[in-house]
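Line by line, the protein sequences give chains B and C. If you count by our numbering, then the first sequence holds residues 1 to 226, one letter each, in order. If you count by our numbering, then the second sequence holds residues 227 to 452, one letter each, in order.
Calculated from the structure, these hints are not laboratory results. Keep in mind the model is a prediction, meaning the values are calculated, not measured. Just to be clear, a hint being listed does not mean it is correct.
Pairs of lysine to aspartate or glutamate residues, derived as EDC-like cross-links and limited to a Cα-Cα distance of at most 20 Å, are as follows [unchecked claim]: (1) C/Lys-401 - B/Asp-48; (2) B/Lys-89 - C/Glu-390; (3) B/Lys-175 - C/Glu-390; (4) B/Lys-175 - C/Asp-268; (5) C/Lys-315 - B/Asp-217; (6) B/Lys-89 - C/Asp-292; (7) C/Lys-315 - B/Glu-137.
Short, incomplete list of chain B residues facing chain C, as computed with Cβ under 8 Å [said to hold, decoys possible]: (8) Thr-28; (9) Ile-38; (10) Asp-42; (11) Ile-43; (12) Val-104; (13) Val-112; (14) Ile-130; (15) Ala-144; (16) Ile-218; (17) Ala-219.
The beta carbon of each residue, even a glycine, is placed where N, CA and C say it ideally should be.
Number of protein chains: 2
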Amino acid sequence: MSESVERSVPLALMVQTPDEPGVLHALTGVLLDHEANITHVDIAERCDGLSTVYFELEDVSGDAADGLVGDLESLPIVRVVERAPSFRKVYGKRIIVVGGGAQVGQVVVGAVAEADRHNIRGEKISVDTIPLVGEEELAAATRAVARLPRAVALVLAGALMGGEVARAVLEIREKGIIVLSLNMSGTVPAAADLVVSDPVQCGVMAVMAVSDSASFDIARQRGRRY
Amino acid sequence: MSESVERSVPLALMVQTPDEPGVLHALTGVLLDHEANITHVDIAERCDGLSTVYFELEDVSGDAADGLVGDLESLPIVRVVERAPSFRKVYGKRIIVVGGGAQVGQVVVGAVAEADRHNIRGEKISVDTIPLVGEEELAAATRAVARLPRAVALVLAGALMGGEVARAVLEIREKGIIVLSLNMSGTVPAAADLVVSDPVQCGVMAVMAVSDSASFDIARQRGRRY
């Protein structure tokens, strides 16, 4: 996943249309004509009968971009096409922190402080959280990380996690997500890449593990406990 | 935006295909045939030449869902179609916290602790953050909130913000995003819905403002300072 994060900056477009069936099919038809590679797509706003579809496109050079925008604007359903900075440029890589409120809060204090230091030097690292309890809900949140755009690492912050959550951890590691765990009871620590006892330290290490500039190689840390 | 968050649970599908041009156009053609309303779309994974496209669809009843999935599976490009819990169900509404690392961390401590209490009672509220400095970058992050899926509120956490950031605040408020600001220098506090001096309190109030269960009406709080 980090590979796709590091590709060149894509062409980012916001296309406003009526909120009606067939819009996405019509818009993607134009993109296909221009052989643009869709790397991100979102339906950003839907209100007052209008819908804004947001695309990030690769393999579109400067001149080709003008032609593509012109062809989108020629569609009868299209009201406005605007260029925007890409989410990758604005929010960058995402670390997701999931678990009990008390511990999630402390992991984020560490992660945000460390991300601040990296972002000041030109990186973009975001830290996203949800406080959750329950094996089923934690497993669903863990599995969903693999399909969250720009997510590269998950921190599981709690006092007891195992069973289905541990299986979900192994699944998303297969898909390239780095998983850190607090030192806790249950089988999640054994399933994670790295176990850290102090939540602030765990947040800091999560950022170091995904940063382009830190000399902290998760491959060398795998299986360790701090 | 909160309106769309409260709609009925959609049909969520993950569709694995080769990573090649025209995939999204072909898939949306099938969805159009079934008159399914696309409320969310993402390209979730792109590796080993394969791509997973994630859709959330409305207006698809139980039986119709089976027919739709069958028609997707019949496309030559489709490898696997899996049903998944929707992001709305897993991560719910999002509050975004942007600004200086020290203050973002403290706002999140308050917001996560308060979200924990709501989520235990069945809501789903996420708190997402990025530490950032600089007027241009803060303005871009602020404007981008209006096109982040499921985002309902923004907290600006810093000691000095104004100019282009304040203009961006007014723009996203027009689009239905609730904006809270710490009590800081610059013109951002005057542009925000609500100003709170203590960062932990500001995080707590942001969650209360977007919660379905709290009796805290942002319309009655507008323009206040705590």
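Structure-based check of all given hints:
1. C/Lys-401 - B/Asp-48: Measuring from Cα to Cα gives roughly 11 Å; hence the hint holds.
2. B/Lys-89 - C/Glu-390: 18 Å, holds
3. B/Lys-175 - C/Glu-390: 39 Å, violated
4. B/Lys-175 - C/Asp-268: 16 Å, holds
5. C/Lys-315 - B/Asp-217: 34 Å, violated
6. B/Lys-89 - C/Asp-292: 39 Å, violated
7. C/Lys-315 - B/Glu-137: Between C/Lys-315 and B/Glu-137 the Cα gap is close to 10 Å, so the pair holds against 20 Å.
8. Thr-28: 4 Å, holds
9. Ile-38: Holds, because the Cβ-Cβ distance from B/Ile-38 to chain C comes to roughly 6 Å (cut-off 8 Å).
10. Asp-42: 6 Å, holds
11. Ile-43: 6 Å, holds
12. Val-104: This hint holds: B/Val-104 lies near chain C, its Cβ roughly 5 Å from the closest one there, short of 8 Å.
13. Val-112: 5 Å, holds
14. Ile-130: 4 Å, holds
15. Ala-144: 5 Å, holds
16. Ile-218: 17 Å, violated
17. Ala-219: 18 Å, violated
Hint check: violations occur at hints 3, 5, 6, 16, 17; the rest are consistent with the structure.
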